[in-house]
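Chains as they are written, first to last, in the numbering used here: chain A, 1 to 338; chain B, 1001 to 1754.
Simulated from the structure, these hints should not be mistaken for lab results.
It should be emphasised that the depicted structure is a prediction, and the values quoted were computed from it without experimental measurement.
Misleading hints may appear alongside valid ones.
As the list claims (entries may be wrong) - Derived lysine to aspartate or glutamate pairs resembling EDC-like cross-links, with alpha carbons at most 16 Å apart:
no.	chain 1	residue 1	chain 2	residue 2
1	A	K43	B	D1269
2	B	K1092	B	E1109
3	B	K1456	B	D1530
4	B	K1667	B	E1588
5	B	K1428	B	E1629
6	B	K1020	B	D1030
7	A	K143	A	E48
8	A	K43	A	D144
9	A	K310	B	E1407
10	A	K20	A	E184
11	B	K1456	B	E1588
12	A	K135	B	E1112
13	A	K43	B	E1112
14	B	K1010	B	E1700
15	B	K1389	B	E1407
16	A	K135	B	D1119
17	A	K43	B	E1109
Claimed, not checked - Sample of chain B residues lacking proximity to chain A, with all beta carbon distances greater than 12 Å (derived):
no.	residue
18	L1135
19	R1560
20	V1702
Claimed, not checked - Sample of chain A residues facing chain B (criterion: CB under 7 Å; computed from the structure):
no.	residue
21	P130
22	W133
23	K135
24	F139
25	R229
26	G231
27	F304
28	T305
29	H306
30	V315
All C-beta atoms in this analysis are idealised placements derived from N, C-alpha and C, irrespective of residue type, glycine included.
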Amino acid sequence: MMRLPPFLYVSPRTVAEAAKAVAEAGPGGMLVAGGTDLYPNMKRRQFEPTTLVGLAAVRELRGVRGSAREGVTLGATTILSAVATHPDLLRHYPALATAAGLVSSPQLRNMGTLGGNVCVDTRCNYYNQPYPWRKAVGFCMKKDGDICLVAPGSRRCWAVSSSDTAPVLWSLGARVRLVSASGERTIPIDALFRDDGIEYLAKRPDEILTEIVLPPAEGWASTYLKLRRRGSFDFPELGVAVALRLEDATVAQARIVLGAVASQPRPATKAARALVGQRLTPDVIAHVADLAAGPARPLDNTDFTHPYRKKMTRVFVARALGRLAGLERAGRDEEELA
Amino acid sequence: MTPQFAVVGKSTPKRDGVEKVTGRTRYLHDLALPRMAHGRILRARFPHARIVSIDATRARALPGVLVVLTGEDVEQHPFGFAKDQLALKRGKTCCIRDEVAAVAAETPEIAEAALALIDVEYTELPAVFDPRAALAPGAPLVHEHLSGNLTHLRYQFTHGDVDGACAGAAATVDGEYRLNFVSTACLGTMVAVADWNLDDRLTMHSTTQVPFLYQRDLAQALGIGGERVRVLQPPVGGNFGRGLDLYPIDVIAALLSRAVRRPVKIEFDRMEEFMAAPGREPCVIRLRTAASADGRLLARDAHVVIDNGAYVSWGSTTPHVMLSTVAGLYRCPNVRFDTTIAYTNNPYSGSMRGYGNLESTFAVESQMDDLADRLGLDRLEFRRRNATKPGDANPQGFAITSCALGECLDTVGEDAGRDVPAPRPGWKRGVGYAGMFHVAGGARIYRSDGCGAIVKLDDFGAVSLITGASEIGQGSETVLAMIVAEALGVPLERVAVVNSDTAVKPWDVGAHASRTTFIAGNAARLAAEDLRRRLLAMAAAFFEEPAERLEIREGWVFVRDEPQRREPYDRIVRAGHYRDGGRALVAEAFYDPPSTMLDKDLHGNVSAAYGFAAQAAVVDVDPETGAVEVRRIVSAHDVGRALNPAAAEGQIHGGIHMGLGYALAEKLVVEEGHVLSATFMDYALLRAADMPALAVRLIESVDAEGPFGAKGLGESGVIPVSAAVANAIHDAIGVRFTELPITPARVRAALARR
Ligand SMILES: Cc1cc2nc3c(=O)[nH]c(=O)nc-3n(C[C@H](O)[C@H](O)[C@H](O)COP(=O)(O)OP(=O)(O)OC[C@H]3O[C@@H](n4cnc5c(N)ncnc54)[C@H](O)[C@@H]3O)c2cc1C
Ligand code: SF4
């Protein structure tokens, strides 16, 4: 039966109150924003917090400020549908608006927040299952067990980072502000993640992600492509985020970040470097796409087989670059692969 | 000249529609009876294991637990198609679904918690998960009292000289087609409420679609007389064939209720539904088709291997229908058919909409295209040349009466490419066709294929049709009310349908084989016509005119040629009732169609009418990713007469959705006997946004036996879809897929291999 276990819910009004509440809740405490990730996970007993600190009533966490020229700051509990339809984001940070608009389904985008999306739990076919299912196949180390069912013998968990917006924010050079009862810090988003399926965030559990800060967008072009089984509802099987700064049609700066291929977003650094100083010709694109498929090392723990996902990495990177180059035949935002 | 109808032929909203879309329908899941307890089932830990011991001490001690039952605690009797299972298993488990113990408790939560406190000790046994491997010497025995794993089911048929015909053929094609487990994925999971009262009578609230067979089978499994069982059928949240058999959930609910003398409800959660609800059977079809140089089919030779799973249910009887297609989809003079159906330690399959016909049509229609290509013929023209015609008798002896297959093929041929935007750059377009042949006037698989109907007309002019038919969401209440209104000459809104209580309604086989509109419709029509005669007799006394001079139309009884002499029909009823020697109006009919059961050689005329259809699929394939996008489906159906055209279209739309899922996305992943895809995240049901443009064409051949000319169509939409899509993909990229679902990874891999 998929029922929520009992827990205490506290609803602070300010970030300071929230920080105090998580600190007081101790190891049994967790933050919840939209709950679209956490509540289903709790029903499956993937998390069993005793206290939830809800961020829904913390007004200061919601909203989008700033401009493309000086940079944009997004409150962590801004809902995904607001991100997806925000005119400035659509114009100047199109990859972010696109990625937010491709998360799950309209209902979930109206509840799910950007901060929750950045912090969304890693996924694995052996883990995202009802409790009795996991019990039947034998628990794994991510929850309730001590081995890995995908890679037996492995000492770490390979669950997959499945956020749509995280690779985009990484490619845009975003920074995140973390606030706790004992202080605050702002770090580049790439320092928020760790390549570990269990400890996938480098923040302490009592740190609240309050803001996501985007650098100025001037001169940058960005795009995001998503591979999934069906045209909505499904998590990414692969996400390709590309951000480029062009000078006279030549690439001056480039970032390519892949989603859903590892336990954290994975930058394709070599490929991005190979773009710098080049024009986006079909030859260059093909070469860079080959390089980008290198770091994609997907495991067989999502819906598509890993050889397929790896092949698709090349195709999707080429399409993303083709789209930024204004080439025809550059695919859609998503490929609906039923 | 087409007859003028007042009600029939006009699109009419389904009676359950508004309540359903506004969330007001009270499904069986919503039913709560006073003092109702909640049951849960403990299932096998291993697909094949000896049960060494069950210790329920801790569970029984949990406050709120009323009873824990195991197979050893209760008297029970084998049930199922082969009487090969007990509801609560004894001694060993044969598949992961197996019911090892059951709990009744005050709340579902307590029942669930109690399951975890039942200690079962198992010894794992070697298991077998493939029907071929199950037949190898030395394979583990699923049922030890049987000498092997072969079931007693075998469907063997021959007609003509297949080998001779193949030897003389200009072209033959051979292939092996592999079909996987899929789930009905009903929104409403399996559920039962049993209420065993102090008189030792059992009332079952059930989602069955065969209430009278269920009544009999359930009584037998419990060792009581059928007269002690009453079956109530509240609204159903989907069935698609799932409700055709009796399952352990029903028997266990009854056993628990008997033990605690309180109503007991068992309701599956979604994971349990994927695991324990029967779906479509996995099978491998080996097929050979031969044709002459001028494009005439000469022979088909088929062998089907079915993974029966641990117990026999309806999934293993689908060769009945597979054979009908091999022998009857297009004219084919020589036919051979055989099956191998073996027990394994996998879950077992039930009947599911289309019932074997999706599987065989996929094989047969794939080969129609391959043969046309081999012969250098146009694919549609090849089909037209072989199309079944009215008056045909097919190799099994099916007598084809109304038949518009040729027209269906022409229609989809003309319509296929219309209004489809050009493919995106780089994508490849293909068009594929498939025909369809299915029973459409009942299917005599029991001695009786009948249905009873009672029509009652009261003083207020309210008409009640009490029918044996079961409404499972398909729209039967609506269409049966339309038939009665039409036959009586009263407004549709005056007709109510009563159809959900075996203590009240007359007998019916059940909702299967696309038979309800045809069989229950004819019964309703006969009863309504009888009632009309009685009403006219009353009116004759009232008007002092001979009944022959009277008519009923739109609720008025009037004298022909003197329309000013008229009375509302309910006034006539009252006048006939409240007088000396007064009478009330009730009429009754039982309709059993003119068909025969198949004999042991599978010859006979199993249905009183046959349905035909053709579909065209327009698909685009992205060679780089392997993505397949279906752009448009045109579906032309010979429906006899469309009694409720919108409902007919709706059935076909739903069928196409189910067929596209089967073709492209749905697969219940079963590995080593375990069901791995147990959530809607893993089981990729297509969503609204995945649906292509649909065009349905209803072709009216007006069947002489059907009610107002109608034939059954409940399954015809789903049947040809996967074949049409596979043919379209072949047309687009030249790759022939012989296994479903055709996923992007498989398309891409196939293209890379070339
Ligand atoms: C059917 C379904 C489909 C989905 N499809 C997708 C998809 O396609 N792509 C995708 O990316 N996601 C998908 N999701 C996951 C989820 O809906 C989104 O990621 C959503 O953005 C999560 O946001 P939330 O506010 O609901 O997070 P919550 O569920 O509230 O929280 C998620 C996690 O983040 C933590 N958290 C939340 N906010 C903060 C904060 N401000 N500071 C620190 N920690 C925080 C929580 O403690 C929790 O661990 C899907 C979910 C479902 C149920
Ligand atoms: S990768 Fe291994 S440890 Fe991690 S969730 Fe999957 S099975 Fe468990």
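We went through each hint and held it up to the structure:
Annotation: proposed proximity of K43(A) to D1269(B) holds, straight-line Cα distance about 12 Å (limit 16 Å). Proposed proximity of K1092(B) and E1109(B) is contradicted: the alpha carbons are some 27 Å apart, above 16 Å. A hinted pair counts as satisfied when its Cα atoms are at most 16 Å apart, and K1456(B) with D1530(B) qualifies at roughly 11 Å. Between K1667(B) and E1588(B) the CA atoms are separated by roughly 46 Å; this puts the pair beyond 16 Å, and the hint is violated.
With a C-alpha separation of about 10 Å, the suggested pairing of K1428(B) with E1629(B) holds against the 16 Å cut-off. With a C-alpha separation of about 13 Å, the suggested pairing of K1020(B) with D1030(B) holds against the 16 Å cut-off. In summary, the hint linking K143(A) to E48(A) is supported, as the alpha carbons are separated by about 10 Å, within the 16 Å threshold. At most 16 Å may separate the alpha-carbon atoms for a hinted pair to count; K43(A) and D144(A) meet this at roughly 15 Å.
Taken as a hint, the K310(A) and E1407(B) pair is broken in the structure, with Cα atoms around 47 Å apart against an allowance of 16 Å. Taken as a hint, the K20(A) and E184(A) pair is honoured in the structure, with Cα atoms around 13 Å apart against an allowance of 16 Å. A threshold of 16 Å between alpha carbons decides the hint, and for K1456(B) with E1588(B) the separation of about 9 Å falls inside it, so the pair holds. Of the supplied pair hints, the one linking K135(A) and E1112(B) holds, its CA atoms being roughly 14 Å apart against a limit of 16 Å.
With a C-alpha separation of about 14 Å, the suggested pair K43(A) and E1112(B) falls inside the 16 Å cut-off, and the hint holds. Of the supplied pair hints, the one linking K1010(B) and E1700(B) holds, its CA atoms being roughly 14 Å apart against a limit of 16 Å. Proposed proximity of K1389(B) and E1407(B) is supported: the alpha carbons are some 10 Å apart, at most 16 Å. Using a Cα cut-off of 16 Å, the hinted pair K135(A) and D1119(B) holds, with the two alpha carbons roughly 15 Å apart.
Taking the CA atoms of K43(A) and E1109(B), the gap is near 13 Å; set against the 16 Å cutoff, the hint holds. For L1135(B), the shortest C-beta to C-beta distance to chain A comes to about 28 Å, beyond the 12 Å cut-off, and the non-interface label holds. No beta-carbon of chain A is positioned within 12 Å of the beta-carbon of R1560(B); the least distance is around 60 Å. Here V1702(B) stays apart from chain A, with its beta-carbon at least about 39 Å from theirs, past the 12 Å limit.
For P130(A), the interface hint holds, since its Cβ comes within 7 Å of a Cβ in chain B; the closest pair sits about 5 Å apart. Restraint check, W133(A) versus chain B: the minimum CB separation of about 5 Å is within 7 Å; hint holds. Restraint check, K135(A) versus chain B: the minimum CB separation of about 9 Å is more than 7 Å; hint violated. A distance limit of 7 Å between C-beta atoms decides the matter here; for F139(A) the minimum to chain B is near 14 Å, and the interface restraint is violated.
For R229(A), the interface hint holds, since its Cβ comes within 7 Å of a Cβ in chain B; the closest pair sits about 5 Å apart. The interface hint given for G231(A) holds, since its Cβ lies 5 Å from the closest Cβ of chain B, which is under the 7 Å cut-off. For F304(A), the suggested interface contact is upheld, since its CB lies about 6 Å from the closest CB of chain B, less than 7 Å. Because the smallest distance between the Cβ of T305(A) and any Cβ of chain B comes to about 6 Å, under 7 Å, the interface hint for this residue holds.
Taken as an interface hint, H306(A) does not check out: its beta carbon lies about 10 Å from the nearest beta carbon of chain B, beyond 7 Å. The beta carbon of V315(A) comes within 5 Å of a beta carbon in chain B, closer than 7 Å, and the hint placing it at the interface holds.
Consistency note: the structure conflicts with the earlier hints numbered 2, 4, 9, 23, 24, 29.
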